[in-house]
Amino acid sequence: MFEKQYMLKGKHATYAKFLSLTTLKKNKDAKIAGVFRANIDIYLVAPLIGVNFNLKSEEDTISNDELAIFAEQLISQQDNLINVFRLVMLSENSSNLSDDERIERAFKEDEDSEKLAANMELFHKYMRGGIEWLYDQFTEEASTKDDYLAKILKVTQTYKLETFM
Amino acid sequence: MIIKSITINNFRQYKGNHVIEFSTDSEKNVTVILGVNTSGKTTIIQAFNWCLYNNTSFKSQEVLNLEVCKSMSVCSTQECFVEVILLHEQKEYFIRRTQSFYKNESKKIKASKPELNVQFKETTGGMQSIPKARGVEGEYDLHMKETINKILPESLSDYFFFDGERIADINNKGDVVDAVRGLMGLDVISTAMDRLDPSKVASVTSKLSKELDVGNDTKFNKLKVEVENAKEKLEGYKNRKVIIKEEIEFFERRKIELNELLLKNREVKANQTIKTNLERDINVVTGNIIKNENRLINDFSTKSMGYFALPLIKKALKTIDEAKQDGEGIPGMRASSIDHILNRGNCICGCDLTKNEGAKEKVLHEKSLLPPQHMGTILREYKKTYQRIEREAEGFDSVIKDDYVELRENKLLLEEKKEGLIDISKRIKNMIDVAKIEDDYQKNEIELRKKRDILLVVTGYISSLETEIVNNEKQIAGIAVVSEKNRKITKSIAYSKAVYQWFKQSYDKQEAEVKNRLLKSVNNIFEQMYHGTRKITINEKYQINLITMVGDEEMETEESKGLESVKNFSFIAGLVDMARIKARTTTGKENEDPNVIIGVDGELAITTEPYPLVMDAPFSNVDEIHINNIAKILPAVSEQVVLILMNKDWEFAKASLDDKVGCAYMIEKNNNSDVNSSIRRLL
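Residue numbers (the working numbering), protein chains in the order written: chain A, 1 to 165; chain B, 166 to 848.
These aren't lab readings, by the way, just hints derived from the structure by calculation.
Idealized CB from N, CA, C, for every residue including glycine.
Treat the hints with caution; some may be incorrect.
Cross-link-like lysine-lysine pairs, in silico, DSS-like; alpha carbons within 25 Å at most [what the hints assert, rightly or not]:
#: 1; chain 1: A; residue 1: Lys28; chain 2: B; residue 2: Lys576
#: 2; chain 1: A; residue 1: Lys108; chain 2: B; residue 2: Lys548
#: 3; chain 1: B; residue 1: Lys315; chain 2: A; residue 2: Lys125
#: 4; chain 1: B; residue 1: Lys549; chain 2: A; residue 2: Lys154
#: 5; chain 1: A; residue 1: Lys160; chain 2: B; residue 2: Lys662
#: 6; chain 1: B; residue 1: Lys315; chain 2: A; residue 2: Lys115
#: 7; chain 1: B; residue 1: Lys456; chain 2: A; residue 2: Lys31
#: 8; chain 1: B; residue 1: Lys410; chain 2: A; residue 2: Lys28
#: 9; chain 1: A; residue 1: Lys25; chain 2: B; residue 2: Lys315
#: 10; chain 1: B; residue 1: Lys639; chain 2: A; residue 2: Lys125
#: 11; chain 1: B; residue 1: Lys429; chain 2: A; residue 2: Lys56
#: 12; chain 1: B; residue 1: Lys315; chain 2: A; residue 2: Lys154
#: 13; chain 1: B; residue 1: Lys548; chain 2: A; residue 2: Lys160
#: 14; chain 1: A; residue 1: Lys125; chain 2: B; residue 2: Lys576
#: 15; chain 1: A; residue 1: Lys115; chain 2: B; residue 2: Lys468
#: 16; chain 1: A; residue 1: Lys160; chain 2: B; residue 2: Lys706
#: 17; chain 1: B; residue 1: Lys456; chain 2: A; residue 2: Lys145
#: 18; chain 1: A; residue 1: Lys154; chain 2: B; residue 2: Lys548
#: 19; chain 1: B; residue 1: Lys315; chain 2: B; residue 2: Lys576
#: 20; chain 1: B; residue 1: Lys315; chain 2: A; residue 2: Lys26
Beyond 12 Å from chain B on every Cβ pair, some chain A residues (computed) [unchecked claim]:
#: 21; residue: Gln5
#: 22; residue: Tyr6
#: 23; residue: Lys11
#: 24; residue: Val35
#: 25; residue: Glu58
#: 26; residue: Ile62
#: 27; residue: Asp79
#: 28; residue: Asn93
#: 29; residue: Lys108
#: 30; residue: Ala117
#: 31; residue: Tyr135
#: 32; residue: Glu141
#: 33; residue: Lys151
#: 34; residue: Lys154
#: 35; residue: Lys160
#: 36; residue: Thr163
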């Protein structure tokens, strides 16, 4: 799990490129927010946001854009990714599962490839939903670097407000 | 000059008063004084010389008659005198020389200085004394001496008061030229010529020439050129000074301006420091902002996972807590680890699990508590993990906020600094380059110093030139005065030269005439005195020589004493004759100034004065025939002849002169004494 390269596609790849600083490595003139240091950082937090706001999104096939989350990045963050994955599995309840079922899904279906694939797809749906939320947040009334940096605080505060208040 | 009388008192042999009145008759113009040897004949000539010139051939003490002298009592005084009365230029002169003698207690005779007294009778009949006046040697009788010399110059006296025994020397005397000139009246014009002769050092012309400052004209011109040059230079330097002053004023103004700029420069410097600080601050703040941005992004990227996970963790922990999972497995141990122990058959405690079923069951139980089989352990582990994440996520928003606030503050700070930089840059931009100003200031100072140095030098030059001009102009003014004097002197020299030439031409002509006439006269008289073939010649020094004609040749001849006396008598007689004739000629003219007068035709007229011949023993060296001849001629050529001679000589002359004798005297020795003679008038 989280050992092989994952390819973001379509708008989510575009959005992720907008949010990731690594985009500048390939194109230094790219007009991006660059609020995440690496693609893996987006990949790590986006599912959490998606679950929190119950935002799921299917893989975009309209756009051909792609962004690879490389295997070495995944492996370097494997523990955190597994923790996030199990957390998503534990906390997501769109299927009205019982606590034990969610625990079973989170911890005992790793060996079952079919179930694991389904669970991973769910994980990625939330991941894409989270990317869209982040993209929306960082593009709303923001166009400059200062705007984007200000948006970091804003996003943090918005997340807190919309989640805990 | 005609001698009226001589009074001899206590003089030499003549004790008491003795008067000889001389004949002044124009026909009987001979006075004869007879005497024996040592009676006092020569004393009469000496009396004349003493009276007129204080000239004696004996000691002053011997002037007083010896008998008188001897008869003087102790502490008594006696005096002697000689008085000559003569006619000169129609005036009657009374010339008396007196000497006092004092016999002291030791019977020694002390003679006082002879005193001269000269008087003349005015045409009105009144007597006039020649005043006393001190000469350069302190003598009181300067005017009187001058008067006597005008009547008969001492230098001529020997020709008219002479000793016949010394007649041979009469024409060989050095002053014969002066004598002739004086007698002929050429002396005045000759003296005038001497005074004017440019070739003579003591002449007026030479003295005037000496007074000429000959170098002054050159010096004057040189000084004028120097003054002109100096003035030109001065003007140049003054113009230069004005320019330099203007330049100095410019540099001084520039100095003030630059100084003011440099004062402003302090502000610029401060501003530049501020600018530099701002630029540094901006760099620092910019760096900080980049760091802030990186930290914000970094914190957001790396630490946000927990923050975003927080709501999920709460749900997950609730799920875990509510799950029906029991038992606790060995932490960190997994089911596969137990499988490994079972496969090897030895427990970690050393128990052989193949032989101890109880132990094996216990191990298998532990396996069931471990994941994946046992969720309890898994959940406990994840619960701890999530709790840790939850703890770690606490304060994340504050971190982000702090990051952002710091970023924002730095951004504001940067803005502030940038604005400050813009502002200060604008201010600095409007200011002149300080380094350039300082450079300009230093250059200006150098120029100012240079100009001030030049000003000092130029001022020095000006002062020096002004002094030079003033001094030179003073010299020029002085020279101008001298030049004026020079001009006058030059004019005077020209006059004196012209007058000299005029005198000389006239003199030469007159002298030639005089010489010619003298020669004729002397020869004429000589012919009358001497019957022979000899003739007399006169050289340029008025010295006479006898020549005789041998064939057609003139030859100088040997002279006997007698012939020489005749020759010299001829010379004197010729001289006196000519002077007498000349005097008559001159006095016959209307304009009668006895001194030098302009002639009627512009030539200088010369004048002479008739002179007496007072002869002592005139015929001592002459034979009787010639005595007779000479005696005939003398009264003819001279206005007045006084013959002092012995009876024997008179006997030879008597025949020729007897009818010419106006007065006759006999000198007689009293009691045959050599020191007491009397003069007795015979006729």
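So, going through the hints one by one against the coordinates:
As the CA atoms of lysine 28 of chain A and lysine 576 of chain B are separated by approximately 23 Å, the hinted pair is consistent with the 25 Å bound. Taken as a hint, the lysine 108 of chain A and lysine 548 of chain B pair is honoured in the structure, with Cα atoms around 16 Å apart against an allowance of 25 Å. With a CA separation close to 176 Å, the supplied pair lysine 315 of chain B and lysine 125 of chain A exceeds the 25 Å bound. At roughly 30 Å between alpha-carbon atoms, lysine 549 of chain B and lysine 154 of chain A are farther apart than 25 Å, so this suggested pair is violated.
With a CA separation close to 147 Å, the supplied pair lysine 160 of chain A and lysine 662 of chain B exceeds the 25 Å bound. With a C-alpha separation of about 187 Å, the suggested pair lysine 315 of chain B and lysine 115 of chain A falls outside the 25 Å cut-off, and the hint is violated. Pair hint lysine 456 of chain B plus lysine 31 of chain A holds up; C-alpha atoms about 20 Å apart against a cutoff of 25 Å. Annotation: proposed proximity of lysine 410 of chain B to lysine 28 of chain A is violated, straight-line Cα distance about 69 Å (limit 25 Å).
For a cut-off of 25 Å, the pair hint linking lysine 25 of chain A to lysine 315 of chain B is broken: about 151 Å separates their Cα positions. With a C-alpha separation of about 127 Å, the suggested pairing of lysine 639 of chain B with lysine 125 of chain A is violated against the 25 Å cut-off. Taken as a hint, the lysine 429 of chain B and lysine 56 of chain A pair is broken in the structure, with Cα atoms around 70 Å apart against an allowance of 25 Å. Distance check on the hinted pair: lysine 315 of chain B and lysine 154 of chain A sit about 157 Å apart at the alpha-carbon level, beyond 25 Å; violated.
Distance check on the hinted pair: lysine 548 of chain B and lysine 160 of chain A sit about 22 Å apart at the alpha-carbon level, within 25 Å; holds. Simply put, lysine 125 of chain A and lysine 576 of chain B have alpha-carbon atoms about 38 Å apart, too far for the 25 Å limit, and the pair is violated. Annotation: proposed proximity of lysine 115 of chain A to lysine 468 of chain B is violated, straight-line Cα distance about 30 Å (limit 25 Å). Proximity of lysine 160 of chain A to lysine 706 of chain B is assessed by CA-CA distance (about 167 Å); at most 25 Å being required, the pair is judged violated.
Distance hint between lysine 456 of chain B and lysine 145 of chain A is fulfilled; the C-alpha atoms sit about 14 Å from each other, no more than 25 Å. This hinted pair does not check out: lysine 154 of chain A and lysine 548 of chain B have alpha carbons roughly 30 Å apart, beyond 25 Å. For the proposed pair lysine 315 of chain B and lysine 576 of chain B, the alpha carbon gap of about 140 Å is over 25 Å, so the pair is violated. About 153 Å separates the Cα atoms of lysine 315 of chain B and lysine 26 of chain A, which puts this hinted pair outside 25 Å; it is violated.
For glutamine 5 of chain A, the requirement that its beta carbon stay farther than 12 Å from each beta carbon of chain B is met, with the minimum near 20 Å. Interface exclusion of tyrosine 6 of chain A from chain B stands, the closest Cβ pair being 17 Å apart, more than 12 Å. Every Cβ of chain B is farther than 12 Å from the Cβ of lysine 11 of chain A; the closest lies at roughly 21 Å, confirming the non-interface assignment. Not every CB of chain B lies more than 12 Å from the CB of valine 35 of chain A, the least distance being 6 Å, so the non-interface label is violated.
The claim that glutamate 58 of chain A lies off the interface holds: its Cβ sits roughly 21 Å from the closest Cβ of chain B, which is beyond the 12 Å cut-off. Separation of isoleucine 62 of chain A from chain B is adequate, the least Cβ-Cβ distance of about 27 Å exceeding the 12 Å criterion. Distance to chain B contradicts aspartate 79 of chain A as a non-interface residue, since its nearest Cβ pair spans about 9 Å, not more than 12 Å. Separation of asparagine 93 of chain A from chain B is inadequate, the least Cβ-Cβ distance of about 8 Å not exceeding the 12 Å criterion.
Not every CB of chain B lies more than 12 Å from the CB of lysine 108 of chain A, the least distance being 6 Å, so the non-interface label is violated. Under the 12 Å C-beta cut-off, the non-interface status given to alanine 117 of chain A relative to chain B holds; the minimum distance is some 18 Å. The beta carbon of tyrosine 135 of chain A is kept farther than 12 Å from every beta carbon of chain B, the shortest such distance being approximately 15 Å. With a least CB separation of 17 Å from chain B, glutamate 141 of chain A remains clear of the 12 Å interface cut-off, as annotated.
Distance check for lysine 151 of chain A against chain B: the nearest CB is about 10 Å away, which does not clear 12 Å, and the non-interface claim fails. The Cβ of lysine 154 of chain A sits about 9 Å from the closest Cβ of chain B, inside the 12 Å cut-off, so the non-interface label is violated. For lysine 160 of chain A, the condition that its CB be more than 12 Å from all CB atoms of chain B is violated, with the nearest at approximately 6 Å. With 12 Å as the threshold on Cβ separation, the claim that threonine 163 of chain A sits away from chain B is violated: the shortest Cβ distance comes to roughly 5 Å.
This entry does not satisfy hints 3, 4, 5, 6, 8, 9, 10, 11, 12, 14, 15, 16, 18, 19, 20, 24, 27, 28, 29, 33, 34, 35 and 36, going by the numbered hints stated previously.
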